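Kindly generate the complete structure, drawing on both the sequences and the hints.
Quick note, the sequences are listed as chains E and Z, same order.
Numbering-wise (the working numbering), the first sequence opens with residue 1 and increments by one.
Numbering-wise (the working numbering), the second sequence opens with residue 1 and increments by one.
Some hints here could point you the wrong way.
As the list claims (entries may be wrong) - Among the chain Z residues that face chain E by a calculated CB cut under 8 Å, a handful are: (1) P21; (2) G24; (3) Q103; (4) G124; (5) A129.
Unchecked claim - Result set (DSSO-like, lysine-lysine): computed pairs, CA atoms no more than 27 Å apart in a straight line: (6) K200(E) - K115(E); (7) K72(Z) - K88(Z); (8) K114(E) - K69(Z); (9) K200(E) - K303(E); (10) K232(E) - K243(E); (11) K304(E) - K200(E); (12) K115(E) - K52(Z); (13) K44(Z) - K3(Z); (14) K115(E) - K31(E); (15) K209(E) - K243(E); (16) K17(E) - K114(E); (17) K200(E) - K243(E); (18) K243(E) - K303(E); (19) K176(E) - K200(E); (20) K26(E) - K133(E); (21) K44(Z) - K114(E); (22) K209(E) - K52(Z); (23) K3(Z) - K115(E); (24) K72(Z) - K52(Z); (25) K49(E) - K93(E); (26) K209(E) - K25(Z); (27) K88(Z) - K114(E); (28) K25(Z) - K69(Z); (29) K25(Z) - K115(E).
Quick caveat, the hints were computed from the structure, so don't treat them as lab data.
Only a predicted model underlies this, so the values are computations on that prediction, with no experimental measurement involved.
The beta carbon of each residue, even a glycine, is placed where N, CA and C say it ideally should be.
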Amino acid sequence: MSAGTEKIAVTVTDIVKVNDLVTRFKFEPTKGGLLPTFSGGAHTVVEMKDGNITRLNPYSLMSDPWDQSAYTISVRRDDEGRGGSLFMHNSVKVGDQMVVSNPVNLFSLDLRAKKHLMLAGGIGITPFLAQIKQLDRARGNWELHYACRNEALGSYVDYLTSTHPNDVNVYYDDEKQSIDLENLLDGQPLGTHIYVCGPKGMIDWVRGKAAELGWPREAVHYEEFLAPQSGKPFEVKLAVSNKVIQVGEHESLLEAIERAGVDAPYLCRGGACGQCETDVISYDGKFLHRDHWLEDNEHASGKKIMPCVSRFEGKTLVLDR
Amino acid sequence: MSKFNFPESIMSRPVYGTLEPRSGKAHLMVADAQGAEAIIGLSKADSGLLSKTHIIYIPKGTGDTYTGKLEKLGAAQLYVGPSYEAAKTRLQRTLAGAHMGLQVYLSGTEGLMGQAMLEATNAGIPHTAIQTEHRGSVARRMQCVHCKGITEDVMTDPFVCSHCGLSLFVRDHYSRRLAAFQGVCIDAEDPGNVPASVELYK
Numbered sequence: 001m002s003a004g005t006e007k008i009a010v011t012v013t014d015i016v017k018v019n020d021l022v023t024r025f026k027f028e029p030t031k032g033g034l035l036p037t038f039s040g041g042a043h044t045v046v047e048m049k050d051g052n053i054t055r056l057n058p059y060s061l062m063s064d065p066w067d068q069s070a071y072t073i074s075v076r077r078d079d080e081g082r083g084g085s086l087f088m089h090n091s092v093k094v095g096d097q098m099v100v101s102n103p104v105n106l107f108s109l110d111l112r113a114k115k116h117l118m119l120a121g122g123i124g125i126t127p128f129l130a131q132i133k134q135l136d137r138a139r140g141n142w143e144l145h146y147a148c149r150n151e152a153l154g155s156y157v158d159y160l161t162s163t164h165p166n167d168v169n170v171y172y173d174d175e176k177q178s179i180d181l182e183n184l185l186d187g188q189p190l191g192t193h194i195y196v197c198g199p200k201g202m203i204d205w206v207r208g209k210a211a212e213l214g215w216p217r218e219a220v221h222y223e224e225f226l227a228p229q230s231g232k233p234f235e236v237k238l239a240v241s242n243k244v245i246q247v248g249e250h251e252s253l254l255e256a257i258e259r260a261g262v263d264a265p266y267l268c269r270g271g272a273c274g275q276c277e278t279d280v281i282s283y284d285g286k287f288l289h290r291d292h293w294l295e296d297n298e299h300a301s302g303k304k305i306m307p308c309v310s311r312f313e314g315k316t317l318v319l320d321r
Numbered sequence: 001m002s003k004f005n006f007p008e009s010i011m012s013r014p015v016y017g018t019l020e021p022r023s024g025k026a027h028l029m030v031a032d033a034q035g036a037e038a039i040i041g042l043s044k045a046d047s048g049l050l051s052k053t054h055i056i057y058i059p060k061g062t063g064d065t066y067t068g069k070l071e072k073l074g075a076a077q078l079y080v081g082p083s084y085e086a087a088k089t090r091l092q093r094t095l096a097g098a099h100m101g102l103q104v105y106l107s108g109t110e111g112l113m114g115q116a117m118l119e120a121t122n123a124g125i126p127h128t129a130i131q132t133e134h135r136g137s138v139a140r141r142m143q144c145v146h147c148k149g150i151t152e153d154v155m156t157d158p159f160v161c162s163h164c165g166l167s168l169f170v171r172d173h174y175s176r177r178l179a180a181f182q183g184v185c186i187d188a189e190d191p192g193n194v195p196a197s198v199e200l201y202k
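Right under this line is the structure:
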């Protein structure tokens, strides 16, 4: 499969349970040597061979971008999800050989910023761990506001507050603590950029408040990986490769295309990057668009679909692939 | 009417729009000469805007045609200065103390808008988030690509560099970093063969 980026064979060398929901995995290159460097905010796509299913899930790299000896990721267990995180938690063992993609960054720091204001929700903390290491080395000006459910589930809170006591602010939902967003955004010096990673509600809240207060769109960065959602099975005709494929209940359209041996482009697999955008030739039914790449009018047009996260319900769907 | 519709040109050439009120708690308007008309237009579009606005205005040859009208707008601050150079430290100080959410509106000549844009982008505002509206003269601020000297208010093409004396062709190639268009020697291949100067856009 040549789609996506270059692949790297790695060996799992360490697995650490961070808390009840989150586990950290360390990957080192199987052949030895050095891994490519990356920039804070980058993710890697991890290939999981789960029986006869191959899953490709993106995870933010949280290790030091300059440390080429290993990559580390943190995986939050999602009991309701399609099984990728459960596979990582339950089946992956130290010594396993796996394949990860070269790093791709869709959430990079804008280094023209005079100050970096980071807002994290839950497992959304992971890209910031790498960005903070990058900024510390460059003596960057940053501050972090990190909301999590409670102390027990606050991944890396101790590490962050002990290494950066003056720059890290933590808020626990269970203790009714929340970010005072309007006041926080109001006093920021010119040249501040906002970075937000967390649940969709948090991203929408921050983007909405920033727009209301007159922040330029270019100074507000966000990353939200959408996990593909399960749905009713459906049939798709791939016109270019002349194949008819079935998309299973717990499978994404992109995964079904790949399973049929058709090379389809992708990078983020989470509805954000735009790489997998596919033209619709004809359809009879309705689209379940879930990406945040296409514009609303494109969603309504029936001419495009993002197969990594979006689905279809109806009689026929013919794609230009 | 002091508006001029510039013909379409290369990508590098700045494109100006029409100022519109935006949401925000603080607003900064920088204008010269007929650019005052665009500010007066903004105050009509949103009557509450000016009470949150700092205006920096350089009449530049229009005398007191607009200053009285600007005074009546009720801006939080109004500064009327003799030249852009004289106003520049005020602009820099205002930007240094400003917070994110500040809205910047520029209107008037290209030289004024370009230089104020440079200060605003240096202060950390993305250039795409700064509104501009051209009013008044089509004169340009030109950099001689040979001696690097700046000649202000160039009205003819070609023109003589006020620093090194070369005859320069007026290009649409623009530098945001210098806030100037590029002027290139027009008779380098055939010294002395300089076409007659014509007024820009005539």
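Here is how each hint holds up against the structure:
no.	hint	in the structure
1	P21	violated (11 Å)
2	G24	holds (3 Å)
3	Q103	holds (6 Å)
4	G124	holds (2 Å)
5	A129	holds (3 Å)
6	K200(E) - K115(E)	holds (24 Å)
7	K72(Z) - K88(Z)	holds (24 Å)
8	K114(E) - K69(Z)	violated (37 Å)
9	K200(E) - K303(E)	holds (26 Å)
10	K232(E) - K243(E)	holds (20 Å)
11	K304(E) - K200(E)	holds (23 Å)
12	K115(E) - K52(Z)	holds (25 Å)
13	K44(Z) - K3(Z)	holds (18 Å)
14	K115(E) - K31(E)	violated (40 Å)
15	K209(E) - K243(E)	violated (47 Å)
16	K17(E) - K114(E)	violated (36 Å)
17	K200(E) - K243(E)	violated (35 Å)
18	K243(E) - K303(E)	holds (20 Å)
19	K176(E) - K200(E)	holds (20 Å)
20	K26(E) - K133(E)	holds (17 Å)
21	K44(Z) - K114(E)	violated (35 Å)
22	K209(E) - K52(Z)	holds (19 Å)
23	K3(Z) - K115(E)	violated (38 Å)
24	K72(Z) - K52(Z)	holds (15 Å)
25	K49(E) - K93(E)	holds (13 Å)
26	K209(E) - K25(Z)	holds (13 Å)
27	K88(Z) - K114(E)	holds (21 Å)
28	K25(Z) - K69(Z)	holds (24 Å)
29	K25(Z) - K115(E)	holds (20 Å)
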